[in-house]
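**Student:** Listed below are the residues making up each chain.
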Amino acid sequence: MSKQAKTTALPGQLTPGKIVIYILLILVSAFTLIPFVWMISASLKLDREVFTFPMKWIPETFHWENYSLIWTKVPMLTYFKNTAIIALSVTFIQTLTSSFAAYAFAKMNFKGRNVLFLCYIGTIAVPWQAYMLPQFILMRSMGLYDKLQAIMVLQAFSAFGVFLMRQFYQNVPSDLCEAARIDGLSEYGIWARIMLPLSTAAIATLVIFTFVGTWNDYMGPMIYLTREENKTIQVGLRRFIQENSSDYYLIMAASVVSLVPVTIVFLFLQRYFIEGIATSGLKG
Amino acid sequence: MSGSAEPRKKRKMSRLERKNTLIAYSFLAPNFLGFAIFTLIPVVLSVVMSFTEWKGGSLTTMKWVGLNNYATIFNSAKVGKQMAENGFLSGIGYFFSKVDLGIALKNTVFFTVVTVPLSLICAILLALVLNRAVKGAVVFRAILFFPYVASMVAICVCWNFMLMKNGPVNQFMMFFGSTFNKSWTADSTMAMWAIVLVSVWRNMGYYMVIYLAALQGVPRELYEAATVDGANKMQQFFNVTLPQLRPTTFFASIMLIIGCFKIYDTVAIMTNGGPGRATKMLVLYIYNEAFTNFNYGVASAISMILLLIVLLGTILQFSRENRYSNT
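Chains as they are written, first to last, in the numbering used here: chain R, 2 to 285; chain Z, 15 to 341.
Keep in mind that a hint or two might mislead.
What the hints assert, rightly or not - In silico negatives: residues of chain R with every beta carbon more than 12 Å from chain Z:
#1 S69
#2 F111
#3 G185
#4 R194
#5 I195
What the hints assert, rightly or not - Distance condition first, Cα-Cα at most 30 Å in a straight line; then the derived BS3-like pairs of lysine-lysine:
#6 Z/K77 x Z/K95
#7 R/K148 x Z/K196
#8 Z/K112 x Z/K33
#9 Z/K149 x Z/K69
#10 Z/K92 x R/K112
#11 Z/K77 x Z/K149
#12 R/K57 x Z/K92
#13 Z/K112 x Z/K92
#14 Z/K179 x Z/K120
#15 Z/K196 x R/K57
#16 R/K19 x Z/K247
#17 Z/K196 x Z/K179
#18 Z/K33 x Z/K120
#19 Z/K77 x R/K19
#20 R/K74 x Z/K179
#21 Z/K112 x Z/K69
#22 R/K19 x R/K82
Claimed, not checked - Quick look at which bits of chain R chain Z covers, simulated, 3 or more residues with Cβ under 8 Å:
#23 34–48
#24 73–82
#25 197–207
#26 212–221
#27 254–263
Honestly, the hints are just simulated from the structure, not real lab data. Note that beta-carbon positions come from the ideal geometry of N, C-alpha and C, so glycine has one too.
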């Protein structure tokens with residue numbers, strides 16, 4: 002199809018077909034972005050202006066003060082701090098231990114390798130929601146209830162990370178490791194000096210998806226974190242919404258602020274997101 | 015899949031082998047310990063708990079009750095009675111219209127059956143369009159993908175407001191002659207569609223990216239051959255593109271089905287299962303039994319139903335994937 006488009010039209014030349022395509026794309030993009038635009042628009046209005054008929058996309062006067070108001074109404078800073086601590090720790094632990102374990106699975110021969118790997122693969126298919134309850138009971142008995150550490154250990158040791166890194170390491174030629182072994186490098190040395198530098202693409206993918214996944218996680222923190230000073234941004238935002246359900250403009254301002262960090266990460270690392278999915282499929 | 019380990023020798027492990035195994039375990043240990051404690055044990059416990067009665071507290075209060083929890087969630091007494099009195103079908107009807115599990119299953123299946131094809135169709139169409147040489151494809155791709163990384167709480171609340179009475183969506187639809195002006199999430203039929211709308215809106219960009227990658231892999235020669243044979247663009251799409259994309263479509267639909275069965279955030283934030291039980295889904299049901307009613311055994315039994323469904327999907331995917339890589 003793309004072949005035909007190229008033979009009938011010179012690059013840069015607008016044909017009727019292309020114009021239709023652009024209009025379509027712009028419409029779909031608008032549909033995709035409308036909630037975000039509406040969110041920003043509502044966040045700059047006064048409460049009674051949010052639902053007017055007919056609605057106004059651009060507020061009459063921009064009430065920027067809404068954005069300073071939410072910081073006093075909602076402990077956003079605490080929420081942000083907690084979420085950042087959790088997301089950064091999880092990403093760090095996950096990436097480090099996964100790549101470590103994946104190295105053994107991909108490049109070493111040892112007794113019990115296949116059985117252990119089967120354990121990992123087996124649980125990839127088990128949805129977290131099916132075992133969240135026993136996990137909760139277990140963690141509570143370990144004294145982790147209402148602790149940030151609970152969310153860290155809950156997210157950090159996923160089978161998925163090991164699986165993804167192993168797939169990648171499998172494609173690195175074993176001869177490289179063999180040669181290094183002959184040269185006297187220890188297994189740890191091979192992991193640190195050969196595998197890690199070679200796997201930056203896979204690590205970038207894992208880092209980004211773990212970070213965003215943890216940042217946006219709602220159900221885990223909701224079950225575990227109850228005290229105000231422990232809440233993450235998602236749970237905190239949700240609580241604020243439930244308690245002030247008619248302060249539309251404040252809710253929308255808080256929502257916009259909650260989206261800022263992930264948006265920045267996405268804008269800068271967009272390429273890795275898309276390449277990561279395209280090559281590995283990733284989880285849904 | 016990797017090749018299995020080299021043929022193992024029968025004799026005892028040499029010192030070198032033993033050292034090697036120890037090193038390998040030291041690589042695995044940090045991850046495996048966490049994985050075993052926080053995933054493996056809970057998974058096993060979950061199965062066990064579904065056969066017990068337990069309200070939390072000390073382990074000694076845990077009581078083995080066999081299939082009782084399953085009888086409870088299927089409400090076998092009432093369903094059985096219906097079947098005995100009014101025939102088999104009326105029992106089934108009772109299950110899906112009155113019993114919590116039946117309603118949750120019916121809702122989840124309906125949601126899945128609608129959301130999966132809609133997401134796939136949108137994703138394929140968008141990928142086809144973006145696969146042509148359009149200027150700014152990177153920008154469009156990023157925009158369409160963005161909902162996938164945005165947090166569900168902010169998104170769902172925003173959609174909730176937009177779908178309210180007098181909200182922008184209803185105003186837009188009135189412009190086209192619709193007379194519906196109620197909050198979507200307060201209406202028993204529209205609430206489900208609100209969740210479908212948000213899910214498709216969020217899924218399509220993600221699967222578009224997967225399809226875009228797959229389209230790059232379709233050999234050019236196939237289109238050339240089709241053109242020589244006089245196939246028009248429609249015929250090319252149905253006879254070349256779609257068949258070539260079949261493995262991707264299969265993969266994507268399994269991922270989507272699993273994702274749909276696990277839906278929680280959207281429902282919890284937008285409707286909380288309501289109005290009534292109109293959008294009550296499987297995971298919401300598990301959550302309520304586990305963390306609101308503290309019926310640990312019952313919650314675990316429902317978990318097993320979810321587990322079975324997702325497991326079935328995954329097994330299907332694996333076997334299918336092997337078939338594709340063998341041919």
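**Student:** Now tell me if each hint is right for this structure.
**Tutor:** Verification of the hints:
1. At roughly 19 Å, the least C-beta separation between R/S69 and chain Z is larger than 12 Å, which holds for a residue marked as non-interface.
2. A beta-carbon of chain Z is positioned within 12 Å of the beta-carbon of R/F111; the least distance is around 4 Å.
3. The claim that R/G185 is not at the interface with chain Z holds, since no C-beta of that chain comes within 12 Å of its own (minimum 15 Å).
4. With a cut of 12 Å on Cβ distances, R/R194 stays outside the contact zone with chain Z, its closest approach being about 15 Å.
5. R/I195, annotated as away from the interface, keeps every beta carbon of chain Z farther than 12 Å; the closest lies near 14 Å.
6. The suggested pairing of Z/K77 with Z/K95 holds, with an alpha-carbon distance near 27 Å, which does not exceed 30 Å.
7. For the given pair, R/K148 sits about 41 Å from Z/K196 by alpha-carbon distance, which is inconsistent with the 30 Å threshold.
8. Taking the CA atoms of Z/K112 and Z/K33, the gap is about 62 Å. The hint is violated against a cut of 30 Å.
9. A hinted pair counts as satisfied when its Cα atoms are at most 30 Å apart, and Z/K149 with Z/K69 does not qualify at roughly 61 Å.
10. Straight-line distance between C-alpha atoms of Z/K92 and R/K112 comes to about 53 Å, which puts the hinted pair past the 30 Å bound.
11. Proximity of Z/K77 to Z/K149 is assessed by CA-CA distance (about 66 Å); at most 30 Å being required, the pair is judged violated.
12. A C-alpha spacing of about 54 Å is found between R/K57 and Z/K92, which places the hinted pair above 30 Å, so the restraint is violated.
13. For the hint linking Z/K112 to Z/K92, the alpha-carbon distance of about 10 Å falls within 30 Å, and the restraint holds.
14. Distance hint between Z/K179 and Z/K120 is fulfilled; the C-alpha atoms sit about 27 Å from each other, no more than 30 Å.
15. The hinted pair formed by Z/K196 and R/K57 meets the criterion: a straight-line CA distance of about 20 Å does not exceed 30 Å.
16. Under the criterion of a C-alpha separation no larger than 30 Å, the hint pairing R/K19 with Z/K247 is consistent with the structure, at around 15 Å.
17. A C-alpha spacing of about 5 Å is found between Z/K196 and Z/K179, which places the hinted pair at or below 30 Å, so the restraint holds.
18. Distance restraint check for Z/K33 and Z/K120: the Cα-Cα separation of roughly 55 Å exceeds the 30 Å cut-off, and the hinted pair is therefore not satisfied.
19. Among the hinted pairs, Z/K77 with R/K19 is inconsistent with the structure: their alpha-carbon atoms are about 68 Å apart, more than 30 Å.
20. Annotation: proposed proximity of R/K74 to Z/K179 holds, straight-line Cα distance about 27 Å (limit 30 Å).
21. Our distance criterion of 30 Å between C-alpha atoms is met by Z/K112 and Z/K69, whose separation comes to about 25 Å.
22. The hinted pair formed by R/K19 and R/K82 fails the criterion: a straight-line CA distance of about 47 Å is larger than 30 Å.
23. Here's how the region 34–48 of chain R fares: 7 of its residues keep a CB closer than 8 Å to some CB of chain Z, so the rule of at least three is met and the hint holds.
24. Here's how the region 73–82 of chain R fares: 0 of its residues keep a CB closer than 8 Å to some CB of chain Z, so the rule of at least three is not met and the hint is violated.
25. Here's how the region 197–207 of chain R fares: 0 of its residues keep a CB closer than 8 Å to some CB of chain Z, so the rule of at least three is not met and the hint is violated.
26. Chain Z is given as covering the region 212–221 of chain R, and this holds because 5 residues of the stretch bring a CB closer than 8 Å to a CB of that chain, at least three being needed.
27. Residues of the region 254–263 of chain R lying with their CB closer than 8 Å to a CB of chain Z number 5, which satisfies the three-residue condition for coverage.
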